[in-house]
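All chains, full assembly: derive it from the sequences and hints.
Letter by letter, the sequence shown follows residues 1 to 71 of the numbering used here.
Since the hints were made in silico from the structure, they are not lab data. Owing to the predicted nature of the structure, the values given are computational and were not obtained by experimental measurement. Do not rely on the hints blindly, as some may be mistaken.
As the list claims (entries may be wrong) - When the alpha-carbon atoms are kept at most 20 Å apart in a straight line, the in silico DMTMM-like pairs for lysine to aspartate or glutamate are as follows:
id, residue 1, residue 2
1, Lys35, Glu45
2, Lys27, Asp16
3, Lys11, Glu67
4, Lys27, Glu41
5, Lys35, Glu67
6, Lys58, Glu68
7, Lys58, Asp70
8, Lys27, Glu64
9, Lys11, Glu32
10, Lys35, Glu68
11, Lys27, Glu67
12, Lys35, Asp16
Unchecked claim - Label-pair distances were calculated between CB atoms; the ranges are:
id, residue 1, residue 2, range
13, Thr5, Val53, 27 to 35 Å
14, Thr69, Glu41, 19 to 27 Å
15, Glu4, Leu62, 12 to 20 Å
16, Thr30, Thr69, 15 to 23 Å
17, Ile7, Glu68, 26 to 34 Å
18, Thr5, Gly55, 12 to 20 Å
19, Thr69, Asp16, 18 to 26 Å
20, Thr30, Asp70, 14 to 22 Å
All residues carry an ideal CB built from backbone N, CA and C; glycine is no exception.
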Amino acid sequence: MSDETPICSAKGCRTDAVWVLAWNNPKIHTPERRKTWLACEDHREHLSQFLGVRGFLKDVVLLEEWEETDR
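This is the structure in structure tokens:
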């Protein structure tokens with residue numbers, strides 16, 4: 001992981017990320033594959049809904065917890 005502070009994945013947002021949204025597109029990814037978007041507090045719900053409506057959202061985890069399990 002780099003020394004840079006992770007930022008929100010919402011278009012135009014430059015706020016520090018707090019959440020990890022783990023997702024996959026079942027049409028192109030294997031079931032165990034997880035792609036990630038990062039979200040600040042303000043965009044977590046919007047990005048979750050975007051992925052959820054499409055059936056892509058698998059998990060929403062605090063960035064701190066995600067980083068701990070990644071180690």
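Now the hints, each set against the structure:
With a CA separation close to 17 Å, the supplied pair Lys35 and Glu45 stays within the 20 Å bound. Restraint check for Lys27 and Asp16: the C-alpha separation of about 31 Å exceeds 20 Å, so the hint is violated. Restraint check: the Cα-Cα separation between Lys11 and Glu67 comes to about 23 Å, which exceeds 20 Å; the hinted pair is violated. Of the pairs offered as hints, the one joining Lys27 and Glu41 is violated, with about 29 Å between alpha carbons and a cut-off of 20 Å exceeded.
Restraint check for Lys35 and Glu67: the C-alpha separation of about 14 Å stays at or below 20 Å, so the hint holds. Annotation: proposed proximity of Lys58 to Glu68 holds, straight-line Cα distance about 18 Å (limit 20 Å). Annotation: proposed proximity of Lys58 to Asp70 holds, straight-line Cα distance about 17 Å (limit 20 Å). The suggested pairing of Lys27 with Glu64 is violated, with an alpha-carbon distance near 30 Å, which exceeds 20 Å.
Taken as a hint, the Lys11 and Glu32 pair is broken in the structure, with Cα atoms around 27 Å apart against an allowance of 20 Å. Annotation: proposed proximity of Lys35 to Glu68 holds, straight-line Cα distance about 17 Å (limit 20 Å). This hinted pair does not check out: Lys27 and Glu67 have alpha carbons roughly 27 Å apart, beyond 20 Å. Annotation: proposed proximity of Lys35 to Asp16 holds, straight-line Cα distance about 19 Å (limit 20 Å).
The hinted window of 27 to 35 Å between Thr5 and Val53 holds, with their beta carbons roughly 29 Å apart. Restraint check, Thr69 to Glu41: a C-beta distance of roughly 21 Å satisfies the suggested window 19 to 27 Å. The hinted range of 12 to 20 Å is satisfied by Glu4 and Leu62, whose Cβ atoms lie roughly 19 Å apart. Taken as a hint, the range 15 to 23 Å holds for the pair Thr30 and Thr69, whose Cβ atoms sit roughly 20 Å apart.
For Ile7 and Glu68, the hinted distance range of 26 to 34 Å is not satisfied, since their beta carbons lie about 20 Å from each other. Range check, Thr5 to Gly55: Cβ separation about 31 Å, and the 12 to 20 Å hint is violated. Between Thr69 and Asp16 the C-beta distance comes to about 20 Å, which sits within the given range of 18 to 26 Å. Between Thr30 and Asp70 the beta carbons are some 19 Å apart, a value that agrees with the proposed interval 14 to 22 Å.
Of the numbered hints stated above, those contradicted by the structure are hints 2, 3, 4, 8, 9, 11, 17, 18, listed in ascending order.
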